[in-house]
Amino acid sequence: MVLDDLLLGRTEESLKFNLDTKERLMVSENIDMISKAVVHFVFRNGPIEDMHANGQLSESDMMTLNKFVHNRLAYIFQLVVQERWLELDFLIKSQSLFGSAWDKAEPDDGGNRKVLSMMLERD
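Start counting the sequence shown at 157; every next residue gets the next number (the working numbering).
Hint data in this document are derived by calculation from the structure and do not stem from the laboratory. Warning: the hint list may mix true and false statements.
[Unchecked claim] Pair by pair, the computed Cβ-Cβ distance ranges are:
1) HIS208 / ASP245: 26 to 36 angstroms
2) THR177 / ARG278: 11 to 21 angstroms
3) LEU276 / LEU242: 34 to 44 angstroms
4) ARG240 / GLY211: 34 to 44 angstroms
5) ALA261 / GLU239: 16 to 26 angstroms
6) LEU181 / LEU242: 20 to 30 angstroms
7) ASN227 / SER250: 16 to 26 angstroms
8) THR167 / ASN227: 13 to 23 angstroms
Cβ coordinates follow ideal geometry from the N, Cα and C atoms, glycine included.
Let the hints inform the model, and build the full structure from the sequences given.
Here it is as structure tokens:
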């Protein structure tokens, strides 16, 4: 599939495109934008929004939660952009002590790949 070739770097051209995208995306000026997008993708556009719509969380609660998650993600992306791997490793290892009883992660693209595929077919 052409999309797999592009996204999984199966050709020299797709590898170059991927690296060029990384260089363009992973700069300090984009940390806020990246953090906000990820907050919406992983947090805001999920069960938390249903809870808010059902009156289980106030507008003030949502603002507090959104700001907290946004700021924490900004820190993580800052570590990645600045290639502060030792600090990121410490964060991961120190926080991995919690949540050990959770189910194993099941990667969920939230429909992202389908939308991307439709957009690429359109062009």
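Status of the hints after comparison with the structure:
no., hint, verdict
1, HIS208 / ASP245: 26 to 36 angstroms, "holds (35 angstroms)"
2, THR177 / ARG278: 11 to 21 angstroms, "holds (19 angstroms)"
3, LEU276 / LEU242: 34 to 44 angstroms, "holds (38 angstroms)"
4, ARG240 / GLY211: 34 to 44 angstroms, "holds (41 angstroms)"
5, ALA261 / GLU239: 16 to 26 angstroms, "holds (24 angstroms)"
6, LEU181 / LEU242: 20 to 30 angstroms, "holds (23 angstroms)"
7, ASN227 / SER250: 16 to 26 angstroms, "holds (18 angstroms)"
8, THR167 / ASN227: 13 to 23 angstroms, "violated (39 angstroms)"
Checked against the numbered hints given earlier, this structure breaks only hint 8.
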